[in-house]
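Q: Sequence:
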Amino acid sequence: MWSPAHRRLEFRAAAPGHHSLTWAHHLSPGSPQLFTVSLWMPLKMSPFGCWGLPAALLALFCCPGSGETFEVHTYPEQLAVEPGGSTLINCSTSCALPDTSGLETTLTKTLVASGTQWKQYLVSNVSQDTIIYCYFTCSGKQKLKGLNVSVFYPPKQVLLKLKPTRVAVGGSFTIECWVPNVAPLESLTLTLLRGKEAMHNQTFRTMALAPQEATVTRNATAHKEDGRHNFSCRADLDLRSLGGDIIHGVSEPQTLKVYEPRPDNQMVVIITVVSVLLFLFVTSILLCFVFGQHWRQRQMGAYRVQGA
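Residues 110 to 417, numbered by our numbering, are exactly what the sequence shown covers, in order.
Hints were generated in silico from the structure; no laboratory data involved. Beta carbons are placed, not taken as given, at the ideal position from N, Cα and C, and that holds for glycine. Any given hint might turn out to be false.
Pairs of lysine-lysine residues, derived as BS3-like cross-links and limited to a Cα-Cα distance of at most 27 angstroms, are as follows [what the hints assert, rightly or not]:
#1 K218 <-> K252
#2 K270 <-> K333
#3 K270 <-> K218
#4 K305 <-> K250
#5 K305 <-> K366
#6 K333 <-> K272
#7 K254 <-> K218
#8 K305 <-> K333
#9 K366 <-> K272
#10 K272 <-> K305
#11 K272 <-> K218
#12 K366 <-> K270
#13 K252 <-> K272
If you anchor each label on the Cβ, the simulated ranges turn out as follows [what the hints assert, rightly or not]:
#14 S236 <-> T274: 50 to 58 angstroms
#15 E186 <-> Q363: 22 to 30 angstroms
#16 S203 <-> A319: 38 to 46 angstroms
#17 R349 <-> E306: 20 to 28 angstroms
#18 T219 <-> T283: 29 to 37 angstroms
#19 P273 <-> N199: 49 to 57 angstroms
#20 P273 <-> R314: 44 to 52 angstroms
#21 E180 <-> K272: 35 to 43 angstroms
#22 N234 <-> R314: 41 to 49 angstroms
#23 M376 <-> R314: 15 to 23 angstroms
#24 Q402 <-> M376: 33 to 41 angstroms
#25 E306 <-> S236: 55 to 63 angstroms
#26 T219 <-> R349: 23 to 31 angstroms
Based on the provided sequences and hints, a complete structural model is requested.
A: Here you go:
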């Protein structure tokens with residue numbers, strides 16, 4: 110075995126204008142064996158001529174060997190999944206011949222398909238927000254790529270209630286809409302609709318992770334044309350920032366009965382009774398006057414007969 114003590118470098122004279130570097134190894138006690146490497150090879154001996162050194166440097170930079178750089182990618186880059194759902198995840202790399210690769214997660218995973226630079230996994234039983242890592246090892250160097258998985262609860266029920274359902278023109282009524290068990294609440298928008306017209310939009314700023322009930326209430330004044338439109342509520346859960354889509358939910362339409370206001374029935378009765386009594390009173394006075402005049406004329410006629 111070679112020992113550091115048995116190695117040395119020697120410079121020896123070569124042709125005029127040239128130098129050589131000699132590496133000496135002592136294989137055993139005695140004369141060393143010398144291996145000479147010329148720092149400047151004559152042009153007639155160099156395969157690249159005067160471009161020998163630049164070509165060597167170029168080869169060094171183009172062929173880094175164990176220092177090769179590579180990237181790791183995931184598709185999709187983010188995921189939004191319903192509780193207990195499953196999804197496909199692709200892991201890929203720019204490394205031409207990766208040593209090892211895999212998927213790090215606490216979820217149930219199954220390798221579906223693979224190639225030299227990619228692998229596809231089926232991840233199932235997602236129950237909460239988590240991070241999944243794809244990894245590749247290339248020339249002894251390992252890289253990870255994280256993928257955020259968010260659990261969402263869609264607006265499966267959108268409920269609407271009008272209070273009251275029958276109202277006079279100019280009267281007030283309340284529109285109430287609520288969605289039970291929805292998350293994330295900050296991605297939800299509730300819109301109250303009269304026909305196709307949006308009456309009111311409500312967004313939420315809470316950051317709660319657990320599903321909650323979302324409610325919006327609106328007071329309105331009844332108009333005559335309100336009776337010709339249906340009222341409804343639309344729920345929009347926008348998951349695009351989490352790697353998903355917009356999920357819609359709409360309530361059953363409700364009808365508002367609008368009527369023209371009428372005089373109060375009790376007032377009508379009072380007015381009718383007063384009118385009848387007044388009519389009877391006036392009639393009785395007129396009858397008394399007529400009968401009084403008639404009786405008076407009879408009396409006057411009797412007196413005239415007796416006087417004759």
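Q: All hints are to be evaluated individually against the structure, with a verdict given for each.
A: Right, here's what the structure says about each hint:
{"no.": "1", "hint": "K218 <-> K252", "in the structure": "20 angstroms, holds"}
{"no.": "2", "hint": "K270 <-> K333", "in the structure": "20 angstroms, holds"}
{"no.": "3", "hint": "K270 <-> K218", "in the structure": "44 angstroms, violated"}
{"no.": "4", "hint": "K305 <-> K250", "in the structure": "59 angstroms, violated"}
{"no.": "5", "hint": "K305 <-> K366", "in the structure": "18 angstroms, holds"}
{"no.": "6", "hint": "K333 <-> K272", "in the structure": "17 angstroms, holds"}
{"no.": "7", "hint": "K254 <-> K218", "in the structure": "17 angstroms, holds"}
{"no.": "8", "hint": "K305 <-> K333", "in the structure": "17 angstroms, holds"}
{"no.": "9", "hint": "K366 <-> K272", "in the structure": "11 angstroms, holds"}
{"no.": "10", "hint": "K272 <-> K305", "in the structure": "20 angstroms, holds"}
{"no.": "11", "hint": "K272 <-> K218", "in the structure": "51 angstroms, violated"}
{"no.": "12", "hint": "K366 <-> K270", "in the structure": "13 angstroms, holds"}
{"no.": "13", "hint": "K252 <-> K272", "in the structure": "60 angstroms, violated"}
{"no.": "14", "hint": "S236 <-> T274: 50 to 58 angstroms", "in the structure": "41 angstroms, violated"}
{"no.": "15", "hint": "E186 <-> Q363: 22 to 30 angstroms", "in the structure": "42 angstroms, violated"}
{"no.": "16", "hint": "S203 <-> A319: 38 to 46 angstroms", "in the structure": "40 angstroms, holds"}
{"no.": "17", "hint": "R349 <-> E306: 20 to 28 angstroms", "in the structure": "26 angstroms, holds"}
{"no.": "18", "hint": "T219 <-> T283: 29 to 37 angstroms", "in the structure": "52 angstroms, violated"}
{"no.": "19", "hint": "P273 <-> N199: 49 to 57 angstroms", "in the structure": "56 angstroms, holds"}
{"no.": "20", "hint": "P273 <-> R314: 44 to 52 angstroms", "in the structure": "32 angstroms, violated"}
{"no.": "21", "hint": "E180 <-> K272: 35 to 43 angstroms", "in the structure": "59 angstroms, violated"}
{"no.": "22", "hint": "N234 <-> R314: 41 to 49 angstroms", "in the structure": "31 angstroms, violated"}
{"no.": "23", "hint": "M376 <-> R314: 15 to 23 angstroms", "in the structure": "51 angstroms, violated"}
{"no.": "24", "hint": "Q402 <-> M376: 33 to 41 angstroms", "in the structure": "39 angstroms, holds"}
{"no.": "25", "hint": "E306 <-> S236: 55 to 63 angstroms", "in the structure": "41 angstroms, violated"}
{"no.": "26", "hint": "T219 <-> R349: 23 to 31 angstroms", "in the structure": "28 angstroms, holds"}
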